[in-house]
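Peer 1: Sequence:
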Amino acid sequence: VEYTKDFAGKMVESLVTKLSSLRYNLLIEGTLRTVDVPKKTAQLLKSRGYEIQLALIATKPKLSYLSTLIRYEELYAINPNQARATPKEHHDFIVNHLVDNTRQLEELAIFESIQIYQRDRSCVYDSKENTTSAADVLQELLFGEWSQVEKEMLRVVEERHKELEGKNSYGI
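So in the working numbering, spot 68 of the sequence shown is number 68, and the numbers just go up one at a time.
Since the hints were derived computationally from the structure, they do not count as laboratory data.
One or more hints might be untrue.
As the list claims (entries may be wrong) - In silico DSSO-like pairs for lysine-lysine, Cα to Cα no more than 27 Å straight-line: (1) Lys5 with Lys40; (2) Lys18 with Lys5; (3) Lys46 with Lys18; (4) Lys162 with Lys88; (5) Lys128 with Lys39; (6) Lys88 with Lys62; (7) Lys62 with Lys162; (8) Lys5 with Lys62; (9) Lys128 with Lys46; (10) Lys40 with Lys10; (11) Lys151 with Lys162; (12) Lys151 with Lys62; (13) Lys62 with Lys167; (14) Lys46 with Lys5; (15) Lys151 with Lys88; (16) Lys151 with Lys167; (17) Lys39 with Lys10; (18) Lys18 with Lys40; (19) Lys5 with Lys39; (20) Lys10 with Lys88; (21) Lys46 with Lys10; (22) Lys88 with Lys39; (23) Lys88 with Lys167; (24) Lys40 with Lys128; (25) Lys5 with Lys88; (26) Lys18 with Lys39.
Generate coordinates for the entire structure from the input sequences, incorporating the hints supplied.
Peer 2: This is the structure we're talking about:
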C-alpha cells in the first residue's frame, strides 16, 4: 500500500481531471482515508457541472480485514510478485476514521446525496429519504451488533481464508 498509494492517487487525479473535462460520467472508488481527496474531487466536479453523490459500503472491520487477506492470498496464488498486502494498522486506521470523515463530508454539504450500502448490496441509508446523520448510521453499521447476514458472511470468509492459506505455503 505504501509503495503504490502516491502513484495511484496521482493517476486517479489525472484521469478525473481529463475525463471530467470531456464530460464523461465518473464513478470514483476510494478508501475515504482522509476528507481532502473526496472534498477536492467533489469541488472540481461541481465546478464542471457534475451532480455529486457519495456511496459508502459499510462492512464490519473484522470482515473487511479478512477480505483484504483473501485478496492478497488470491493474488499471491496467481503471481507472488504482484500480490500486495494491506497492513492491519493501515486498514484499522482507515476504519477508525471512516465515521469522522463521513461526518466532516456530510457537514460540508458538497454531495447531492449520501448512500450507505451493506456488503450484500442492500441500500440501508439514503440522505434523500432519511433525516438521520449518515455518520451515525455508519457508526452503528460498522461497530454495532452483527446481523445474521453478516455472521454468515464472516463464516464464509473465514472458511475461504483458511482454504487459501492452506494452498499458499506460507500464510501471512
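Peer 1: Each of the hints needs a verdict: does it hold here or not?
Peer 2: Outcome of the hint check:
Taking the CA atoms of Lys5 and Lys40, the gap is near 17 Å; set against the 27 Å cutoff, the hint holds. A hinted pair counts as satisfied when its Cα atoms are at most 27 Å apart, and Lys18 with Lys5 qualifies at roughly 20 Å. With a C-alpha separation of about 15 Å, the suggested pair Lys46 and Lys18 falls inside the 27 Å cut-off, and the hint holds. Distance restraint check for Lys162 and Lys88: the Cα-Cα separation of roughly 18 Å lies within the 27 Å cut-off, and the hinted pair is therefore satisfied.
As the CA atoms of Lys128 and Lys39 are separated by approximately 20 Å, the hinted pair is consistent with the 27 Å bound. Restraint check for Lys88 and Lys62: the C-alpha separation of about 10 Å stays at or below 27 Å, so the hint holds. For the proposed pair Lys62 and Lys162, the alpha carbon gap of about 15 Å is at most 27 Å, so the pair holds. Straight-line distance between C-alpha atoms of Lys5 and Lys62 comes to about 23 Å, which keeps the hinted pair within the 27 Å bound.
Taking the CA atoms of Lys128 and Lys46, the gap is near 19 Å; set against the 27 Å cutoff, the hint holds. Restraint check for Lys40 and Lys10: the C-alpha separation of about 13 Å stays at or below 27 Å, so the hint holds. Between Lys151 and Lys162, the direct Cα distance comes to roughly 17 Å. Compliance with the 27 Å bound is thereby established for this hinted pair. Restraint check for Lys151 and Lys62: the C-alpha separation of about 11 Å stays at or below 27 Å, so the hint holds.
Distance hint between Lys62 and Lys167 is fulfilled; the C-alpha atoms sit about 22 Å from each other, no more than 27 Å. A hinted pair counts as satisfied when its Cα atoms are at most 27 Å apart, and Lys46 with Lys5 qualifies at roughly 25 Å. This hinted pair checks out: Lys151 and Lys88 have alpha carbons roughly 21 Å apart, not beyond 27 Å. Taking the CA atoms of Lys151 and Lys167, the gap is about 25 Å. The hint holds against a cut of 27 Å.
For the given pair, Lys39 sits about 16 Å from Lys10 by alpha-carbon distance, which is consistent with the 27 Å threshold. In summary, the hint linking Lys18 to Lys40 is supported, as the alpha carbons are separated by about 15 Å, within the 27 Å threshold. Proposed proximity of Lys5 and Lys39 is supported: the alpha carbons are some 18 Å apart, at most 27 Å. For the hint pairing Lys10 with Lys88, the CA-to-CA distance comes to about 24 Å; that is within 27 Å, so the pair holds.
Of the supplied pair hints, the one linking Lys46 and Lys10 holds, its CA atoms being roughly 20 Å apart against a limit of 27 Å. Between Lys88 and Lys39, the direct Cα distance comes to roughly 26 Å. Compliance with the 27 Å bound is thereby established for this hinted pair. In summary, the hint linking Lys88 to Lys167 is supported, as the alpha carbons are separated by about 22 Å, within the 27 Å threshold. Among the hinted pairs, Lys40 with Lys128 is consistent with the structure: their alpha-carbon atoms are about 23 Å apart, no more than 27 Å.
Proximity of Lys5 to Lys88 is assessed by CA-CA distance (about 16 Å); at most 27 Å being required, the pair is judged to hold. Proposed proximity of Lys18 and Lys39 is supported: the alpha carbons are some 18 Å apart, at most 27 Å.
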